[in-house]
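Peer 1: Residue numbers (my numbering), protein chains in the order written: chain A, 1 to 382; chain B, 1 to 429.
Hint data in this document are derived by calculation from the structure and do not stem from the laboratory. Only a predicted model underlies this, so the values are computations on that prediction, with no experimental measurement involved. Beta carbons: idealized from backbone N, C-alpha and C, even for Gly. Any given hint could be a false lead.
[What the hints assert, rightly or not] To spell it out: a stretch of chain B is covered by chain A in this simulated footprint if at least three of its residues, at any positions, have a beta carbon under 8 Å from a beta carbon of chain A; those stretches are: (1) 121-129; (2) 132-138; (3) 396-402.
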Amino acid sequence: MFERIWRAAIAPLVAAAAAILISSIALLISGNNPVDAFVEMWKTIDSTAAVIDIINTAVPLYISGIAVAIGFKMNLFNIGSNGQYILAALVAGWAGAEVSLPPVLHVLFVFAVAMTVGGSWALIAAVLNVTRNVNVVVATIMLNYIAVGLSAFLLSEYFRDSENGGLVAQTKVMPESARIPPLDPIFEFFGFDFGERVDLLGFLPVAIALGVAYYVLLNRSLFGYELKLSGMNADAAQSAGVNPKRMVLITLFMSGAVAGMIGLPFLLADSDFYKYGDAFPVTLGFTGLGIALLGRNSPVGVAAAAIVWATIEVATRRLGSLGIPPEIGKILQGSFLLAAVIAYEVVRRRNDAAAAEAAAAATREERTPPPTPEAAPIGATS
Amino acid sequence: MSATMDATVAKTERPPLISSQRWRLVALVMVGVAVMSTARIISDNSDLTSSGTFGVALRTAVPIGLAGLSGLIAERSGTINIGLDGMMVMGTIFAGWWGWEYGPWMALLGGIIGGMMGGLVMSVATTTFGVNHIVAGVAINLIAPGIARFMASELFVGVQGGSVTSSPGNSGSMGSFTMPFLSGGELFGWQTPDIFGWFEDTGWFMIADAAGFMKGMTTDITWDVMLAVGLFFGMAYFLWHTPLGLRLRFSGERPSAADSLGVSVHKMRYLGMAISGGLAGMGGAVLVLFANRYQENQVAGRGFLGLATMIFGNWMPAGTAAGAGLFGYASGITLRTNPEDLVNALFLAAAIGLAVTAMYMAYRRSASGAGTVLVFSLLAFWAYFAVKEPNNQLVFVTPYVVTLIAVTVGAQRLRPPAEEGIPWFKGMQ
Numbered sequence: 001m002f003e004r005i006w007r008a009a010i011a012p013l014v015a016a017a018a019a020i021l022i023s024s025i026a027l028l029i030s031g032n033n034p035v036d037a038f039v040e041m042w043k044t045i046d047s048t049a050a051v052i053d054i055i056n057t058a059v060p061l062y063i064s065g066i067a068v069a070i071g072f073k074m075n076l077f078n079i080g081s082n083g084q085y086i087l088a089a090l091v092a093g094w095a096g097a098e099v100s101l102p103p104v105l106h107v108l109f110v111f112a113v114a115m116t117v118g119g120s121w122a123l124i125a126a127v128l129n130v131t132r133n134v135n136v137v138v139a140t141i142m143l144n145y146i147a148v149g150l151s152a153f154l155l156s157e158y159f160r161d162s163e164n165g166g167l168v169a170q171t172k173v174m175p176e177s178a179r180i181p182p183l184d185p186i187f188e189f190f191g192f193d194f195g196e197r198v199d200l201l202g203f204l205p206v207a208i209a210l211g212v213a214y215y216v217l218l219n220r221s222l223f224g225y226e227l228k229l230s231g232m233n234a235d236a237a238q239s240a241g242v243n244p245k246r247m248v249l250i251t252l253f254m255s256g257a258v259a260g261m262i263g264l265p266f267l268l269a270d271s272d273f274y275k276y277g278d279a280f281p282v283t284l285g286f287t288g289l290g291i292a293l294l295g296r297n298s299p300v301g302v303a304a305a306a307i308v309w310a311t312i313e314v315a316t317r318r319l320g321s322l323g324i325p326p327e328i329g330k331i332l333q334g335s336f337l338l339a340a341v342i343a344y345e346v347v348r349r350r351n352d353a354a355a356a357e358a359a360a361a362a363t364r365e366e367r368t369p370p371p372t373p374e375a376a377p378i379g380a381t382s
Numbered sequence: 001m002s003a004t005m006d007a008t009v010a011k012t013e014r015p016p017l018i019s020s021q022r023w024r025l026v027a028l029v030m031v032g033v034a035v036m037s038t039a040r041i042i043s044d045n046s047d048l049t050s051s052g053t054f055g056v057a058l059r060t061a062v063p064i065g066l067a068g069l070s071g072l073i074a075e076r077s078g079t080i081n082i083g084l085d086g087m088m089v090m091g092t093i094f095a096g097w098w099g100w101e102y103g104p105w106m107a108l109l110g111g112i113i114g115g116m117m118g119g120l121v122m123s124v125a126t127t128t129f130g131v132n133h134i135v136a137g138v139a140i141n142l143i144a145p146g147i148a149r150f151m152a153s154e155l156f157v158g159v160q161g162g163s164v165t166s167s168p169g170n171s172g173s174m175g176s177f178t179m180p181f182l183s184g185g186e187l188f189g190w191q192t193p194d195i196f197g198w199f200e201d202t203g204w205f206m207i208a209d210a211a212g213f214m215k216g217m218t219t220d221i222t223w224d225v226m227l228a229v230g231l232f233f234g235m236a237y238f239l240w241h242t243p244l245g246l247r248l249r250f251s252g253e254r255p256s257a258a259d260s261l262g263v264s265v266h267k268m269r270y271l272g273m274a275i276s277g278g279l280a281g282m283g284g285a286v287l288v289l290f291a292n293r294y295q296e297n298q299v300a301g302r303g304f305l306g307l308a309t310m311i312f313g314n315w316m317p318a319g320t321a322a323g324a325g326l327f328g329y330a331s332g333i334t335l336r337t338n339p340e341d342l343v344n345a346l347f348l349a350a351a352i353g354l355a356v357t358a359m360y361m362a363y364r365r366s367a368s369g370a371g372t373v374l375v376f377s378l379l380a381f382w383a384y385f386a387v388k389e390p391n392n393q394l395v396f397v398t399p400y401v402v403t404l405i406a407v408t409v410g411a412q413r414l415r416p417p418a419e420e421g422i423p424w425f426k427g428m429q
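I would like the entire structure built from these sequences, with the hints used as guidance.
Peer 2: So this is what it looks like as structure tokens:
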């Protein structure tokens with residue numbers, strides 16, 4: 001048990017150490033004191049308000065990470081989640097403000113629109129791949145920029161809120177019935193008070209439900225089995241009866257549908273937004289790629305990655321008061337990510353080699369006479 | 001399966017109208033000029049093929065082309081370089097820094113060095129540690145903007161004219177060159193005749209357009225642009241006519257075979273990524289030199305656009321250059337005065353060009369191909385008559401749509417390096 005945890009933790013720990021080292025060097029080169037910086041970062045996150053802030057920041061990151069993790073599980077790289085969620089958030093924001101529905105139904109309607117738009121946009125790449133053999137990475141990258149241009153066009157020409165004088169390019173504000181209230185009252189009922197300054201946004205349960213659904217899909221469903229099998233060995237999966245085209249179509253649609261939800265915490269649960277407009281975050285899809293890589297596509301790992309990412313984001317916000325550029329957070333995140341993907345790969349190869357060595361040793365014992373010594377390593381690496 | 005398909009294709013399709021590949025290329029260029037000229041005369045917009053337009057097109061094409069060339073050399077050596085967009089970002093910040101401190105030439109050098117560092121870091125991950133190339137590239141793309149922002153906040157904040165999103169501006173600008181005798185450049189202080197300019201002003205069918213193109217290519221060309229164009233020829237020569245270039249391509253096609261012949265695959269892949277990063281960074285530096293300063297998000301996805309041109313150009317320098325030229329023209333015209341009229345005229349040119357293509361395909365009895373192209377041609381005609389004020393956002397989307405169509409139509413004919421993207425270690429089969 002402990003060995004398993006240790007095995008899983010060693011790579012991220014090494015990566016974290018490398019990230020701290022690299023950021024410290026960057027701070028030293030730029031003439032700042034790394035110790036001061038990290039102490040200030042710790043002070044910043046050492047409060048209830050900061051923890052709430054971290055959770056709120058982590059929720060869309062988690063959804064974004066899960067969206068691409070679904071595809072990554074079968075080596076299907078949906079680089080286009082950014083375009084998918086921007087288009088989905090715009091259309092859902094517009095459609096949600098146009099209709100009037102009873103409270104819960106209204107929220108479900110916005111979800112349905114966002115997931116359909118995101119999924120359909122990803123499906124374009126899937127259809128091009130299975131019918132015309134177009135590379136998924138290339139297709140999703142192109143569709144990213146097409147989505148950005150298309151949503152800017154749709155917003156300025158058709159979906160803009162004209163009642164505000166139409167000067168600001170934004171959709172109408174969501175009506176009350178489409179909003180998910182903050183979770184504070186529930187916690188206050190049990191005696192926790194977060195204070196006036198922060199609200200625990202109501203989208204957290206959705207993210208948790210998504211994580212559980214992803215876990216069940218991966219580990220308790222036939223589709224999840226086929227998904228993992230296709231990722232580990234596409235040829236073996238095909239000869240075991242898994243239809244690769246069907247897998248690409250379904251997986252990319254699901255990935256896009258989940259990506260469609262990335263913008264919903266802002267549209268439905270964040271009182272600073274409730275609409276799609278200029279200040280809307282537009283790079284969460286790209287960040288999600290990093291979160292998924294960091295969390296190794298597992299439901300729990302991606303959650304941990306999203307929280308780490310959000311923690312760095314929140315912790316560095318007040319560094320400016322010390323004269324240290326808050327952008328050091330980006331270096332910290334980036335070097336952590338790069339070190340982590342390298343560390344994961346090294347550990348994976350080590351484990352594979354160890355497993356192959358054990359298997360080779362087992363065969364040697366069974367067989368007489370023993371095979372030539374060189375035979376084992378070659379079999380191990382291929 | 002494919003053999004029978006080839007057989008049926010051979011039975012129904014007619015051979016090309018011109019059998020010599022060289023003359024086919026000449027004919028293609030002639031038809032292209034004729035189409036542009038016709039569109040210019042019908043739409044009565046001489047700016048469509050003016051030297052000014054082509055000059056701007058070249059300027060906007062160069063960063064895209066450098067990104068494409070960057071992707072090309074990386075993939076030829078076996079590494080899929082999704083991270084080149086990030087390397088371009090590294091190029092812009094270093095170019096902005098050195099351009100401000102030391103001047104334009106150092107900006108160019110700084111850009112190359114900045115990009116090269118990105119390329120080498122990525123190569124450590126992909127070549128030495130065997131990290132999945134897409135994964136490593138994504139990581140580089142996420143890190144680079146962070147590094148740029150950190151450096152900008154350290155370097156430019158508090159300086160006159162500088163901020164976290166912009167450098168104070170380059171000190172001095174790079175000189176430019178105009179061809180004497182042909183485009184009216186000065187020679188030892190003497191104003192030479194402007195032959196291309198004279199032909200351009202006549203407005204003659206095809207001749208004026210060709211002259212406009214030639215003048216645009218030879219007027220006020222800054223040295224960084226000229227260097228970039230030269231690099232295209234240099235890289236093509238390097239990859240296909242030198243032993244080192246052969247080894248580099250070998251490492252992308254058959255690393256194990258290359259290794260068995262004594263080529264160090266890892267060394268070649270590092271070299272490929274160093275050059276790739278340098279070219280991407282230089283693309284970023286060209287952007288900085290054009291804007292005369294570093295600006296945040298200056299790259300704006302041009303790295304990905306470069307990857308698109310590389311795929312569009314079938315992993316060949318000439319094809320990549322053609323793709324970059326096309327995209328450069330499409331985005332360059334939006335920088336001209338009255339871009340709406342120009343885009344409108346371009347719709348007409350696209351419609352005529354696609355109609356001619358459809359006719360040719362019909363001649364070759366490719367019914368489905370001719371039908372598809374005809375549909376796009378009619379769409380372009382509709383756009384010419386209906387869309388009088390094209391939306392900027394939709395113009396921005398054009399190159400990506402064109403690439404998507406190109407890879408969809410031509411995916412079967414595209415041939416990437418055989419073993420690109422597969423981590424390779426000694427002893428692998």
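Peer 1: Which numbered hints turn out to be false for this structure?
Peer 2: Structure breaks no hint.
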